[in-house]
Amino acid sequence: MIGGFNSVMKEHIRRANKGEIHCHFLSHKSQNELTELLANETKMMILKKIKDAKYFSVILDSILDVSRKEQMTFLIRCVDVSTCSPKIEEFFLTFLHIKDKREYTYNPGHRSDVESLTESETHGIGGFEFLFGMVIWYDLLAAVNIVSKSLHFEDMDLEVAISQLGGLVIYLKNYRETGFEKAKVEATQIAIEMKIAPVFPKKPVKKKKQFVEDVEKIDESKIAEESFRIDYFINIMDQAIMCIEIRFEQFQVYEQIFGFLFGVKRLKVAEDDELRTSCMKLEASLRHDVDSDVDGEDLFMELKLLKDVLPKEITKPVEVLEFLKRMDSCYPNTWIAYCILLTIPVSVAFAERTFSKLKLIKNYLRSTMSQERLNGLALISV
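First residue of the sequence shown? That's 1 in the UniProt record's numbering, and the numbers climb one at a time after it.
Hint data in this document are derived by calculation from the structure and do not stem from the laboratory.
As the structure is a prediction and not an experimental result, all values here were calculated from the model.
Any given hint might turn out to be false.
Label-pair distances were calculated between CB atoms; the ranges are [stated by the list, open to error]:
1) L360 with D308: 16 to 26 Å
2) M72 with S367: 34 to 44 Å
3) C84 with S57: 15 to 25 Å
4) S285 with Q189: 22 to 32 Å
5) C84 with L47: 14 to 24 Å
6) E11 with L47: 34 to 44 Å
7) A197 with I380: 56 to 66 Å
8) S57 with G19: 30 to 40 Å
9) E226 with S285: 32 to 42 Å
10) L47 with Y364: 52 to 62 Å
11) M327 with M280: 47 to 57 Å
12) A197 with S367: 43 to 53 Å
13) S57 with K99: 32 to 42 Å
14) E41 with H97: 21 to 31 Å
Listed below are the simulated SDA-like cross-link pairs for lysine to any residue, each with C-alpha atoms no more than 20 Å apart in a straight line [what the hints assert, rightly or not]:
15) K307 with E352
16) K184 with G127
17) K316 with R326
18) K265 with F300
19) K316 with G259
20) K173 with V269
21) K202 with R176
22) K325 with G167
23) K87 with V318
24) K51 with I336
25) K359 with G127
26) K316 with Q256
27) K316 with M327
28) K359 with V382
29) K49 with S82
30) K281 with P332
31) K359 with H97
32) K222 with V253
33) K281 with V253
34) K307 with V269
35) K87 with P332
36) K18 with S7
By construction, the Cβ of each residue, glycine as well, lies at the ideal position given by its N, Cα and C atoms.
Can you build the whole structure from these sequences, using the hints too?
See below:
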């Protein structure tokens with residue numbers, strides 16, 4: 001049937017049926033050879049682009065594959081200067097099998113599946129406390145998801161990323177202070193619609209010995225609510241704020257070094273003394289022993305001229321780099337500074353894409369695949 005639509009295949013089938021050829025299939029050795037040749041050629045092209053770019057950053061992330069092996073993806077981010085317009089590229093090179101790894105992560109919110117299941121059975125999945133928790137998580141994850149999506153854009157730059165993360169931190173801190181009561185009102189309305197009693201389950205309270213005249217009636221429902229607020233709500237919010245702030249602080253370090261290059265508007269309004277200080281700080285940050293990638297004084301003189309000759313429509317660092325390439329080698333220090341700036345990774349979105357390819361290539365039917373074959377197929381397909 002296939003031969004009826006393809007003359008080459010038709011001739012191949014005719015020869016196979018008449019015994020004119022005997023090897024009429026592609027053996028696994030031939031497949032592996034072909035995969036290796038294509039992968040090596042692809043890797044050579046990538047390495048050439050990285051060498052031409054000169055400046056690059058390394059991105060690492062890891063995941064367990066289907067055979068429970070720890071696979072670390074190795075990515076390179078650089079500015080591809082081989083095209084007419086410079087383009088920010090992230091290249092996959094290989095998966096590294098981590099055979100001996102030791103790590104410790106402190107996460108007080110983490111508990112085993114058995115413990116979580118026990119708690120679900122104890123308090124009831126359909127109870128008000130569970131419903132309240134779902135409302136809190138919805139508000140929290142909705143805000144995080146919006147920022148996460150924006151950080152995964154291919155043209156995302158550090159200035160926008162810092163703004164997005166800073167706004168998220170402010171939102172989470174405000175929600176920590178006022179979000180509990182708002183979530184309680186929403187959870188109560190949903191509970192009434194679902195015909196669930198909007199009350200927290202009573203919990204045992206350790207009582208101290210008191211004199212008869214000092215004994216007061218304790219509202220157990222208020223105690224349960226306060227316990228939920230402190231042990232659940234506050235704990236979750238503190239963990240979320242801490243994680244986002246760590247990421248935000250990392251970007252702030254870059255902002256202190258490269259901030260004056262983020263936006264053209266910011267560059268054009270910078271005073272000479274401020275601009276000179278920023279250039280000298282960048283030179284010191286890029287110094288290794290006695291050598292530095294840029295000369296602070298030369299960079300200052302180049303930027304003084306550049307901010308007056310840049311077209312008005314140029315607003316982003318990558319657009320500045322395109323303009324600099326058209327100017328050839330007139331601004332060497334500025335070219336290097338912007339190349340290094342644009343190699344700083346904003347997210348690990350591309351690493352997640354390589355994990356998607358890993359799951360497609362090494363599934364449960366091919367769980368015994370060798371590491372060499374996995375890397376070859378991944379390099380071709382990513």
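Going down the list of hints, with the structure as the test:
1. L360 with D308: 16 to 26 Å: Taking Cβ atoms as reference, L360 and D308 lie about 52 Å apart, which means the hint is violated.
2. M72 with S367: 34 to 44 Å: 18 Å, violated
3. C84 with S57: 15 to 25 Å: Because 24 Å falls inside the window, the suggested range holds.
4. S285 with Q189: 22 to 32 Å: Because 53 Å falls outside the window, the suggested range is violated.
5. C84 with L47: 14 to 24 Å: The hint (14 to 24 Å, Cβ to Cβ) holds, given that C84 and L47 are roughly 22 Å apart.
6. E11 with L47: 34 to 44 Å: At 40 Å between Cβs, range holds.
7. A197 with I380: 56 to 66 Å: 59 Å, holds
8. S57 with G19: 30 to 40 Å: 58 Å, violated
9. E226 with S285: 32 to 42 Å: Since the Cβ atoms of E226 and S285 sit about 48 Å apart, the hinted range of 32 to 42 Å is violated.
10. L47 with Y364: 52 to 62 Å: 33 Å, violated
11. M327 with M280: 47 to 57 Å: 24 Å, violated
12. A197 with S367: 43 to 53 Å: Holds, since A197 and S367 (Cβ atoms, about 49 Å apart) stay within the stated range.
13. S57 with K99: 32 to 42 Å: For S57 and K99 the Cβ distance comes to about 25 Å; the hint is violated.
14. E41 with H97: 21 to 31 Å: Roughly 23 Å apart at Cβ, these two residues keep to the hinted range, so it holds.
15. K307 with E352: Roughly 38 Å between the alpha carbons, so the hint for K307 and E352 is violated.
16. K184 with G127: 14 Å, holds
17. K316 with R326: 16 Å, holds
18. K265 with F300: Since the Cα atoms of K265 and F300 sit roughly 16 Å apart, the hinted pair holds (cutoff 20 Å).
19. K316 with G259: 13 Å, holds
20. K173 with V269: Violated - the C-alpha atoms of V269 and K173 are around 33 Å apart, more than 20 Å.
21. K202 with R176: 24 Å, violated
22. K325 with G167: Measuring from Cα to Cα gives roughly 34 Å; hence the hint is violated.
23. K87 with V318: Roughly 8 Å between the alpha carbons, so the hint for K87 and V318 holds.
24. K51 with I336: Holds: K51 and I336 sit about 14 Å apart, inside 20 Å.
25. K359 with G127: Since the Cα atoms of K359 and G127 sit roughly 37 Å apart, the hinted pair is violated (cutoff 20 Å).
26. K316 with Q256: 18 Å, holds
27. K316 with M327: 17 Å, holds
28. K359 with V382: Measuring from Cα to Cα gives roughly 12 Å; hence the hint holds.
29. K49 with S82: Given that 20 Å is the threshold and the Cα spacing comes to 7 Å, the pair holds.
30. K281 with P332: Holds, at about 18 Å.
31. K359 with H97: Holds, at about 15 Å.
32. K222 with V253: 44 Å, violated
33. K281 with V253: Satisfied, since the Cα-Cα distance of roughly 12 Å is no more than 20 Å.
34. K307 with V269: Satisfied, since the Cα-Cα distance of roughly 9 Å is no more than 20 Å.
35. K87 with P332: 18 Å, holds
36. K18 with S7: 17 Å, holds
When held up to the earlier numbered hints, the structure conflicts with 1, 2, 4, 8, 9, 10, 11, 13, 15, 20, 21, 22, 25, 32 and fits the remainder.
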